[in-house]
Amino acid sequence: AQSVAQPEDQVNVAEGNPLTVKCTYSVSGNPYLFWYVQYPNRGLQFLLKYITGDNLVKGSYGFEAEFNKSQTSFHLKKPSALVSDSALYFCAVRGPNNAGNMLTFGGGTRLMVKP
Amino acid sequence: KAGVTQTPRYLIKTRGQQVTLSCSPISGHRSVSWYQQTPGQGLQFLFEYFSETQRNKGNFPGRFSGRQFSNSRSEMNVSTLELGDSALYLCASSLARGGMLETQYFGPGTRLLVL
Numbered sequence: 021a022q023s024v025a026q027p028e029d030q031v032n033v034a035e036g037n038p039l040t041v042k043c044t045y046s047v048s049g050n051p052y053l054f055w056y057v058q059y060p061n062r063g064l065q066f067l068l069k070y071i072t073g074d075n076l077v078k079g080s081y082g083f084e085a086e087f088n089k090s091q092t093s094f095h096l097k098k099p100s101a102l103v104s105d106s107a108l109y110f111c112a113v114r115g116p117n118n119a120g121n122m123l124t125f126g127g128g129t130r131l132m133v134k135p
Numbered sequence: 005k006a007g008v009t010q011t012p013r014y015l016i017k018t019r020g021q022q023v024t025l026s027c028s029p030i031s032g033h034r035s036v037s038w039y040q041q042t043p044g045q046g047l048q049f050l051f052e053y054f055s056e057t058q059r060n061k062g063n064f065p066g067r068f069s070g071r072q073f074s075n076s077r078s079e080m081n082v083s084t085l086e087l088g089d090s091a092l093y094l095c096a097s098s099l100a101r102g103g104m105l106e107t108q109y110f111g112p113g114t115r116l117l118v119l
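Quick mapping for you: the protein sequence lines, in order, are chains R and Y. The first sequence finishes on residue 135 if you use the numbering used here, and the numbering steps up by one all the way, no holes. The second sequence finishes on residue 119 if you use the numbering used here, and the numbering steps up by one all the way, no holes.
Just chain R, with the same shape it has in the complex (with noise of 0.2 Å):
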């Protein structure tokens, strides 16, 4: 069965600064990746995905992902963070094996950027 771990309940970091939320995996096989973003009150929001390719993966209002096969990561990562940019943060993988669209998703992660 497929898993997804985010360690952190929640990241703290200031305007500004780098941000970085940790996401590890567990799929048989090559695994699809997926960051939503959800605001409060809303749906979730589509950031970015892995599929296949660089390991490096750009998405939308500037956050990144690496994703990293040795270490079953794909960590969410921007370089100056904004305040607008709080909110709950979910990763989610779709493994190769699947019939349909299933995503599981991780415990999801709070970013509180402060002024």
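One or more of the hints may lead you astray.
Heads up, simulated DSS-like pairs for lysine-lysine below, C-alpha to C-alpha not over 27 Å straight-line [what the hints assert, rightly or not]:
(1) K89(R) x K78(R)
(2) K61(Y) x K17(Y)
(3) K69(R) x K42(R)
(4) K61(Y) x K69(R)
(5) K42(R) x K89(R)
(6) K97(R) x K42(R)
(7) K134(R) x K78(R)
(8) K5(Y) x K69(R)
(9) K78(R) x K5(Y)
Hints in this document: simulated from the structure, not taken from any laboratory. All of these numbers come straight from a predicted model, not from anything done at the bench.
Dock chain Y against the given chain R, drawing on the hints supplied.
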């Protein structure tokens, strides 16, 4: 292009009742998936529909069911509601052209409170 829409946005029911939630996917999207989000269990996959057929199912009791119509709109039904069914129910759609590796786009969710 309009995003995924879900109705109603908020719902209050009592134990034992049943409820039907509706989801309209992005125009042209053929796959619709449903997820349940709770503080305790996080985001969990309920089921996926593609071309009016259930393609994948999560680990939920038979009280949870769904269907998809020929226009790709989907409904999910929960019968004999329990207090633990209180949650945010999220719908996601994707193109599903080749059934592979496509991004799911989420609606704002329906928040269900069971009293």
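**Asked** Is the straight-line distance between the alpha-carbon of K42(R) and that of K89(R) 27 Å or less?
**Response** Holds: K42(R) and K89(R) sit about 14 Å apart, inside 27 Å.
**Asked** Given the hinted pair K5(Y) and K69(R), is their alpha-carbon gap at most 27 Å?
**Response** Given pair K5(Y), K69(R) holds - Cα atoms ~21 Å apart, limit 27 Å.
**Asked** Going straight from one Cα to the other, do K61(Y) and K69(R) come out at no more than 27 Å?
**Response** At roughly 23 Å apart (the allowed maximum being 27 Å), K69(R) and K61(Y) satisfy the hint.
**Message:** Holds or violated: K69(R) and K42(R), Cα atoms, limit 27 Å.
**Reply:** holds, 15 Å
**Prompt:** Are the Cα positions of K97(R) and K42(R) separated by 27 Å at most?
**Reply:** holds, 9 Å
**Restraint status (C-alpha distance of K61(Y) to K17(Y) at most 27 Å)** = holds, 25 Å
**Prompt:** Between K134(R) and K78(R), does the CA-CA distance stay at or below 27 Å?
**Reply:** holds, 24 Å
**Asked** Taking 27 Å as the top limit, are the C-alpha atoms of K89(R) and K78(R) close enough?
**Response** Within the cut-off at roughly 17 Å; holds.
**Prompt:** Is the Cα-Cα distance between K78(R) and K5(Y) 27 Å or less?
**Reply:** Status holds; Cα separation ~23 Å.
Hint compliance for this structure: no hint is broken.
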